Amino acid sequence: MATWLFYILGAVAVVATAMAVTRRNPVHAVIYLVNSFFALALIFYLLGAPLVAAWEVIIYAGAIMVLFLFIIMMLKLSPGEEADRQGPGPLQWLPVMLLGGAILTCTLLLLQFDPVGGQGLPHWYASPRDFGYALFHKYALAVEIVSFQLLFAAVGAFYVGRAGGRKIAPGGEQ
Amino acid sequence: MDSRLLFLLILLPLAGGVINACVGCRMPRRLVALLATTSILGSFIATLSCWSLAAGSGTQVKLFTWLASAGLQADIGLLFDPLAASMCLMVTGVASLIHIYAAGYMEHDENQARFFALLNLFVFAMLCIILADNLLLLFLGWEGVGFCSYGLIGFWYEKKENALAGRKAFIVTRVGDLFFTIALLWLFSLLGTVEIAEINLRAAELDPALITPLVLLLLGGACGKSAQLPLMTWLPDAMAGPTPVSALIHAATMVTAGVYLLCRMFPLVSLSPVGMAVIACVGAFTALYAASCALAQREIKRVLAYSTMSQIGYMFLAVGMGSVAAAVNHLLVHAFFKALLFMGAGTLIHLAGEENDIYQMGGLRKKNPLLFGLFLIGILCLAGAPFTGGFFSKDAILLAAFSRGDGLSACLWGIGVFTAGLTSFYSFRLLYLVFFGEYRGQETSPHLSPLLIWTLPPLALLGLFGGLLNLPYFYGGHEILSRFLGTPPSAEAPLATELGLLVLMSLVFAVGWLPAHLLYRNFQPEPETPWRRFLLQGWRFDLLYEQIILRPYRFVARFCWLAGDRALIDGVVEGIGRTMLHWGGYFRLLATGQISFYLQGFAWGLLLMLGWLLLKTAV
Amino acid sequence: MTFAAPTEFPILSLVLWLPFVGTLLCLLMRHSPQACRWLALLATLSVLLLTVGLFVGLPAEPGWLLKENYAWIPSFGIRYSLALDGISLLLISLTALLQVAAVLISWKQQEHPPLFYALVLVLETGILGVFLATDLILFYLFWELMLIPMLFLIGIWGHENRVYAALKFFFFTLTGSLCLLLAIISLYLIHGEQTGVYSFAFETLKQTQLTGGMEMLLYLGFLLAFVVKVPLFPFHTWLPDAHTEAPAAGSVDLAGLLLKTGIYGLIRFAFPLFPHAAEQSLPYLAVLALIGIFYAAWIAYAQTDIKRVVAYSSVAHMGFVILGLSAWNQLAWEGALLLMINHGVTTGGLFILIAMLQERTGSRDLRGLGGVWKTLPFFSAFFLLFCLASLGLPGLANFAGEILVLLGAFARWPLLAALAAAGVVFSAAYMLRVVQGVLWGPLGQSCKIDVKDSLPTDLDRREWILLIPLALLVVWLGLYPAPVLEPLRGPIGLLLQAGVLP
Amino acid sequence: MIVPFQHLLILASILFLLGLMAVLVRRNLIMLLIGVEIMLNAAGLVLVGASALWQQLDGQVMVIFLMAMTSAEVSISLAMVVYLNRRKKTIDVRAFDELRG
Amino acid sequence: MSGLELQSLLPQILLALGATAVLMLGAWYPSRNWILAGAAIALLAALSAGLIAPAIPEVAQLYSTGSYARFFVALWSILGALTLLLSLRYTEIHDLPGSEYAALVLFASCGMGLLSAATSLIGLFLGLEAFTLVFYVLIAFKREDSRGAEAGLKYLVLGAVATGFLAFGIALIYAASGSFHLPEAFAGLQQDGGMRALGLVGWALMLVAIGFKVSLAPFHLWTPDVYQGAPAPVTGLLATGSKGAVIAALVPLFVALGPLKADLEQILWVLAALSLLAGTFAALPQRNLKRMLAYSSVVHMGYLMIGLLVGGPAAYRALLFYLIAYTVATLGAFGVLSSFSQRDDEPQEYADFRGLGYLHPRRSSVLAACLLSLAGIPPLVGFFAKFGIIAAALKGGYPGLAVIAILAALASLYYYLTPIIVLFMQQRDARQLRRGGRYEYFVLTLCFAVLLLLGIYPAPLFQFLASLLP
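One line per chain: the protein sequences are B, Y, U, E and L, in this order. So the first sequence is numbered by the working numbering: it starts at 1 and just counts up by one. So the second sequence is numbered by the working numbering: it starts at 1001 and just counts up by one. So the third sequence is numbered by the working numbering: it starts at 2001 and just counts up by one. So the fourth sequence is numbered by the working numbering: it starts at 3001 and just counts up by one. So the fifth sequence is numbered by the working numbering: it starts at 4001 and just counts up by one.
With the rest of the complex left out, here is chain B (with noise of 0.2 Å):
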């Protein structure tokens, strides 16, 4: 039954994946995007990682697109936004394809040689305490690193993002 759920949830996370990036509207596309974190969330479950599967869900579903969309709004760029109003059409598409499409037979081909292929994932379920007690005890050093690099990353964000630097006249410039 789990194997079954895994393939629909795969076809759901890549079907909405392609949606999202094809969509011209990033607010379709956040969404779309939403739509296979959450299927790729319950694949995390599936491969017994239910604490990884909260936090797709909460950072990257619930923080990170938040964000996002909260961005775009803030930015205005509706529909007919004219960054990419006429999107990528076939011709900006094909090549990219082209060449996406011959990386992934290479990697896919090259898979092929290794013994992995042979393994299965087994039934196994990560328990939060024993995945809280990973976190904090192995790798706490590095949850300090990754605290600070928050921290810093809020500070280059607040810098970076603070409204009026000084030379800017209010219409910007062109």
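All clues stand as given, with none of them false.
Distance windows between CB atoms, simulated:
| hint | chain 1 | residue 1 | chain 2 | residue 2 | range |
| --- | --- | --- | --- | --- | --- |
| 1 | Y | W1583 | L | Q4190 | 34 to 44 Å |
| 2 | B | V66 | L | D4429 | 54 to 64 Å |
| 3 | L | V4403 | Y | W1583 | 16 to 26 Å |
Think of the hints as simulated: they come from the structure by calculation, not from any bench. Since the model is a prediction, treat every value here as computed from it, not as a measurement. Virtual Cβ for every residue (Gly too), placed ideally from N, Cα, C.
Keeping the supplied structure of chain B fixed, place chains Y, U, E and L upon it in accordance with the hints.
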């Protein structure tokens, strides 16, 4: 006596030259002239006092080693043997007289120091040639005289032509020197020595096949210095120099160096019949060529120059005929009377107000009878008037040629005789045009320094009685010179031959004189015929060389520069640079500034890597 | 190591680094040009005294006369090792002499004198180092060290087209020297793999066993570097530009010294390290040398810029040197090295004189000059003397070398030597053309007034002091070269044994 | 077993490539960033799968770090977007090619 | 995490906490002196790295505290300090906030220190991201400068994508080996002598990311743009630190990879050769100093790649020596640039430098020295750097690369000499610039001294580096 006294011979002139060169310009002119003259006189006296050393095979002295390296040993060393001694005596003697003459001739020139310095250095170099005991030192003198003549021909350098004439002389002679150098290299590589005596000694060891080319190379060198065919074009132009210079360098001494070289190396030279024949031919033809040119010249000094050339031709002929004594004898006598003629010419030119053109002279006999007398003696010697020095010496040469008996010598003898006729003709042409008839130049009354006259008589006497030096037994002489030189006495020709030649030569002299007398006794300008112009321009050899040598040379020079260096080599090098910069431009274009293009770079890179890895794992 | 223990007092290092100290002081005192001038003169003079002292003091015998050898970069087996034999002794003496001349001739240097003298002094250190180093990397370092100062000397103080000339000089020589580096490293590695001893010491690397192909390859690497510097025929085009555009001191150093480093490299390193390859290469060298002699002489005849004529004459003379080396016998080699020294003195002198001429008339163009003898008799006398020496008049410097070369070369390449003798005629042709154009004839328009709107004045005291010794040297080397030949004899003998004789 | 691990890899690769293509083809800065998010998610998927495969937690932990890092990055990026939009009044990356050559 | 671990990781912790402290205090007491304070902190960290011996060899299976790691921590700390000293006057004339700047630079050097010390792929990832994030901000730090913004954007987008590649690569390698920790992580890739396909794909992805960070062709295209747009001191840090740290981290990585490297050999070969060629050619026609240096840095990365490719102690020693030589010279060059920069603009075009050599002899000669050292002209340190690399290439059996390297060195002289010629050999029409700050002169003098001293007597450094190698 101490044989090292010999070095006084060369050191005195050297000292005089160096002193004059360094501080001459700070000394009073008279002192300069005095110093120069005394230094030469000194070496003249030294020669006389060292005379005894020359006896037999002479003496050899060494001052210090100049160049010594593996196998090579070239000393500053002298070989004072009879040949050298007699040459020395002549050179120093004539040189002293000419120095004295020059003191008068140049007294108003502000560059006396330079003049006398060069003149002394010249004598030094000339003596080096004469006395050198090895070919390298001889070569040093050889080039030295070349340089001095260069400097003296171009002495009045403000006139471009003079300087150019000097350069021409230097380079043309240097072409000859090239052959001499090669001969030197070759001899060294064959015999492992540059000692003249030793080379002559061991010449017989050499492979006969090699001797002829060697001799020809030496001949080439000699031709250059002695202005023989085909390297003779420089001598007439060399007359641009001051007259004493012409007298000393281009009449008496330097130009005869070639003859001297051949005599010096005679033991080697004589080993190659072919070589001898070639030498004789060169001599004979030059004699003829020069005499013919002399017929048409208008500048007094050029006439004399061509006559010099032709007389030297005789000497070559003599060497070719194997009679060194005759050659040397003629060399000496010729030196005397030719110096006399040149100095006389110099005086005449003064007299005629610095006028060179004999058409502008005439009637000078009345102006200065003494000078006329002296000049006449010179002319007679040159023309080979019976019983003058010139007569005997020339006679000896022709006799040698005649008595050889083979066909070639016979022809050459014929040429010689014919040339003798021409000689007496142009000599008297000169004499008549200058001294007889009415004076045609503008009136001038220059003050003649007595030195310009009183240095001539000794030379006149020497020229007149120079014949006695080597008077054949036939005339009751004892061939002093040839015995002194230790050369075999001239062929004992039967009485009839001797007499016949005597008569013949006298006739030839007369035959030359008569037309000149008729034509030029009273002056009328000669018609401008193409022939005359042809002769006047020395058979147009200059134009020929200009066309076949100089012009191609200039072209090659420019070609190598523009096509070779500029276009080809630099072109290639700079081309590489430019190409790289060009490609650099393309690589710059990659940085389009478009983020998505840069990302494509990522993707392509990844694709290539994966593709390669796939290939590797799959295969 | 095959080295003896270092000499107790490092006299060589003293000689080597004295100029460098001068450089540093110059840079420190860059606010008082006058001081720098005297400093530079002092430094060069003291080096000259030291070298003369060595020249007089040391015996003329084969083999190393002095050695120094200290560890430097052990991890690569690079050592700071200097050594001196008769050849290097002569060359450093020449260097010291010409550097004094270079300083004196640029006495009136107006723009940035401190930098100028500093560079001249560094250059001296570089050149001395090249002549003294026996560790290949050390040698290479000094070899490169010569480039930069010369680049700046040409590029900053040069004439019209200086930057082009500087870059051309730099890239030609650098291309060569990078090949040299590659070859050196390869040799080092090969030797290391053979013996396990990783060292750049010349005497160690000489033992390396090489296969024919590899030997030839490495030899070509060395050869290219040195031959470009010499320069041999096809690689010479940097030289005329560099010589012409360089300031007086630069030209003197280039012609007098830098060219010699090429020859020195050949005989000291390229030939002994790869004797068989060298042996094979001799005919080609000889032919190229001959071509160079003719080609350069011809081109020189077509020039109107005096400096260019002299530059091309250098190419011709170097052709003689290479011809001598290619003959591979005592006579020719002694001649070649003698010619090297003589050429250094004569050409150096010529460039000095040309600089003086340009100071006075502001022109180097034959078409504009003429009749100088009238206004500057003493200058002209010196000019004539050096020109005659350069065209190989017997009794003056160059002849001694040339004739020895020819005599030696004739033994091995009779035809080539005979042809090369013709080069002497050509040299007369172009040199006399210069003399003609400068000294004789009516006064040229450039000579009527000098830069200071007055008739040019003849030599001043500084210039006398500068020229007299050189002139004496020209005559001395021409008439009595023995003192120079003796120190050469032994080392040359050794070098010739090192190579396989034909 | 649930599925062969390979299938998960395939899925991840497809997602990754989709993200990459988005990055390559889209001109809208926001969409570029979204593409990056997709790529990172693909990485996360592989990590989770791998940690299941090896039955150890390091992979999952790494995913957490990945998420944190992503959020940090996104915050800066979006700040940048705001900033650039304020300057140039556009978030079309084609507009930013002042520096080139 | 225990006290031991904290103590062993002291330098990095000092940097991070110092950065935070500067940040916080700066919020209350805004002042540019915080930059000096930051420099002091960085030096302190360097000291601690040098003096205080680590208690344990490895912290949390993430970061090594071995002498190798410590050396680079110290190096990057000093680099951070020097960058800050260079930035003082710069931030003043461009009116940039001191404390933020100082904090970011400090944290950047902390990240570099972590990266160079990483013994686990996680550690690698975190360290890398740490300073990458900071650079996103620093590059765009001059907010009134539109070119800065563009440069920031380019670095941001490409960096983000590269992060994606890196993450995916690491994930694949983890999937293959089941461990992030070196060398187990690579040991797992082993399969009958060769590398597993999964590992190959993972490495390919990682190489893309690395290639971006150290700008190897064909991932180098961003370099000139970002160099040109970023503030000069930041460019200096970016050119030296961020690249150096990655290279420094790669050495242990390759050591851990062991024989498996053979499978990547050709790829590395091509990357090296491509970087040498592309960088050289593109640098030749440049007329902008920053862009030229950017392309030339591509070339230098090519040289370093040769070192990595050859492998073995000798090659790594040469590589590290080269890295240091490159770092010092590049820092000096950008230092001169930043001290040349004026309130209104910073001169980068050659046209701005014409004849400047005589107006500002000291700074110009330092610039010249740095360029010549980069070109590898003795007696500057660059020569022995190149010498070592080429020797290594020949010894390792890569004559082709050696020849390419030599040719690149030859061509490089053209683009390194051009600015020197412009500085010294052209008529001076450059305008007088303001004289540099005291600290700038200090840093430049330091760089110059190091270039010269190491050039004349490199032996000790060579031995020291040899002793460092893991």
